[in-house]
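Here the protein sequences come in this chain order: X and G.
For the first sequence, the numbering used here begins at 1 and goes up steadily by one.
For the second sequence, the numbering used here begins at 207 and goes up steadily by one.
One should not assume that every hint holds.
Covered, in the sense of this in silico footprint (three residues per stretch, anywhere, with C-beta under 8 Å from a C-beta of chain X), are these stretches of chain G [stated by the list, open to error]:
no.: 1; region: 207-216
no.: 2; region: 228-235
no.: 3; region: 239-251
no.: 4; region: 267-278
What follows is a list of derived Cβ distance ranges for each label pair [stated by the list, open to error]:
no.: 5; chain 1: X; residue 1: Thr152; chain 2: G; residue 2: Ala244; range: 28 to 34 Å
no.: 6; chain 1: G; residue 1: Ile354; chain 2: X; residue 2: Met1; range: 28 to 34 Å
no.: 7; chain 1: X; residue 1: Asp116; chain 2: G; residue 2: Asp357; range: 54 to 60 Å
no.: 8; chain 1: X; residue 1: Gly179; chain 2: G; residue 2: Gln259; range: 48 to 54 Å
no.: 9; chain 1: X; residue 1: Asp116; chain 2: G; residue 2: Ser398; range: 54 to 60 Å
no.: 10; chain 1: X; residue 1: Asp66; chain 2: G; residue 2: Tyr389; range: 52 to 58 Å
no.: 11; chain 1: G; residue 1: Lys230; chain 2: X; residue 2: Ala184; range: 22 to 28 Å
Hints are computed from structural coordinates only; laboratory data are not their basis.
For every residue, glycine included, the Cβ atom is placed at its ideal position computed from N, Cα and C.
Protein chains: 2
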Amino acid sequence: MQFSSTLLENAVNEFAKLPGIGKKTALRLVLHLLKMDAEKVVAFGETVIKMRQEIKFCQRCYNVSDADICSICSNSMRRPESICVVESIRDVIAIENTQQFNGTYHVLGGIISPLDGVGPDQLTIEALVNRVSKEKTEEVIFALNPTIQGDTTIYYIQKKLQSTGVRITTIARGIAFGGELEYADELTLGRSLQNRMPVESYVSHR
Amino acid sequence: MQFSSTLLENAVNEFAKLPGIGKKTALRLVLHLLKMDAEKVVAFGETVIKMRQEIKFCQRCYNVSDADICSICSNSMRRPESICVVESIRDVIAIENTQQFNGTYHVLGGIISPLDGVGPDQLTIEALVNRVSKEKTEEVIFALNPTIQGDTTIYYIQKKLQSTGVRITTIARGIAFGGELEYADELTLGRSLQNRMPVESYVSHR
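The shape of chain X in the complex, shown without the other chains (with noise of 0.2 Å):
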C-alpha cells in the first residue's frame, strides 16, 4: 500500500500488527483516528500504555489486578474455600460473566502442552498447591477447554493434590443447550448418557 505520509504509515502498521486486523481494517482505524479530537486519540494512547504498564499478577491467583491482590481474591463475599482452576484470564471473565460462581480462582498461565513446550514448570501449579495446604480449601473445581492437554493437565493437577484430601472436580461435559443431538458429536453424546443425572436436578437448576 501507498502512503503519502510516514505518521500514518507507522500508525498503520502498527494496528496491523494487531491479531485479525489486516492493512485494510488498519487503515480504516486510523483515519478514525485521524478525524477525532487530539486529545481523545492521547487519552487512546495513553490509557493503552498505562494498561501495558501498570496492570499487575495477583499474587494468590495469577488474575489480572490493579493491586498485589486482585477485587476477587480481596472480596469478602467471595468463599476462598472453592477454587475454580482456570487457564488463562479470559476464562475468569466468561465465568465471572455467568454469575454462577461465588468462589476464588486460580489461573495457570497455560496448560500443559509438551508439543508447544510448555511443561508444568512453566505454570502456576506449585503455586496452587501451596494454596491448597496452606489454606482452609474445600473443593478444586477445574474448569479447563476439553482437548488432550487439558485433560494432561487435571491428570497431573489431581495427583499432586490427592495427598490434600480435597474435593476435587470438573465442570460439566455434555450436549449444549441449544444443541442438536444429531449433530454433537459421538464422544460427547456417548459421554453424556453415562454421566447422565437426575431430572429433578436438571429441572431444579433450569
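Using the hints provided, position chain G relative to the given structure of chain X.
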C-alpha cells in the same frame, strides 16, 4: 462484561470505541497487548499519539502529509498540470495503488450532500478553483463515487471551472472487469453501451 481490573477495563473500552470493534474483539486485542513486551506497547501508543498530533494536511492538495506540502505534490516526477479530484484520503491511496496516475490530487474532504448538511463551503472547492486559475492546469479528472451526491458535486465544480477553459473529465463508468453482464444493473449496462469504446484502444490497455 465483568473485569477484575480497572486498567484492563479502560483499555478494552478505548478499543471498543473504534468502528467495527466490539467488546469481545477489544478484549482479544488488549490481552494480546498484555502479552507483548512493554516497550512495544509503548511504541504502539506513542506512534498513534504522534500520528494524530503531528500529521498535517498538504496546503496544496489537502492530502495527509508529514510536511506543509505532501510527498506527491513535491515530487518533480509528477505532472502538476493534471489534477485528480477525490472525496477523501482513502481514494488517494486506492488510486496510488493502481500505479496508473502520475499527476497530482485534490482532496475535497467530502462531497456535496445537503441531507447530511454538507454544502460546497465545507469542502475545498474554492481552493481547487484558485489552483486551476493560478497553476498551468491542463486537465481536471473527477474520481468520485457514482452516487447522486457525487454527480451533484461534479456538476457544481464543473460550472465553477467552465470559465477557465480547462479540460474536465471523469473516470470511466462501465462493467467492471470480472463482472457478469447478466448481473449488472440496467443503468450501468445501458450507459456502457452508450459510451462504447473502439476495440483497438481497449485491447492496447489490457
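Taking the hints in turn, this is what the structure says about them:
Here's how the region 207-216 of chain G fares: 9 of its residues keep a CB closer than 8 Å to some CB of chain X, so the rule of at least three is met and the hint holds. Residues of the region 228-235 of chain G lying with their CB closer than 8 Å to a CB of chain X number 4, which satisfies the three-residue condition for coverage. Note: the region 239-251 of chain G has 9 residues with beta-carbon separation from chain X under 8 Å; the three-residue rule is met and the coverage holds. Counting residues of the region 267-278 of chain G whose CB lies closer than 8 Å to any CB of chain X gives 7, which reaches the minimum of 3, so the coverage claim holds.
In this structure the supplied range 28 to 34 Å holds for Thr152 (chain X) paired with Ala244 (chain G), their Cβ-Cβ distance being about 32 Å. A hinted range of 28 to 34 Å for the beta carbons of Ile354 (chain G) and Met1 (chain X) is consistent with their spacing of about 30 Å. For Asp116 (chain X) paired with Asp357 (chain G), a C-beta distance near 58 Å keeps the hint of 54 to 60 Å intact. Checked against the hint of 48 to 54 Å, the C-beta distance between Gly179 (chain X) and Gln259 (chain G) comes to roughly 51 Å, which is consistent with it.
Taken as a hint, the range 54 to 60 Å holds for the pair Asp116 (chain X) and Ser398 (chain G), whose Cβ atoms sit roughly 56 Å apart. For Asp66 (chain X) and Tyr389 (chain G), the Cβ-Cβ distance of about 56 Å falls inside the hinted range of 52 to 58 Å, so the restraint holds. A hinted range of 22 to 28 Å for the beta carbons of Lys230 (chain G) and Ala184 (chain X) is consistent with their spacing of about 25 Å.
Of the numbered hints given earlier, the model fails none.
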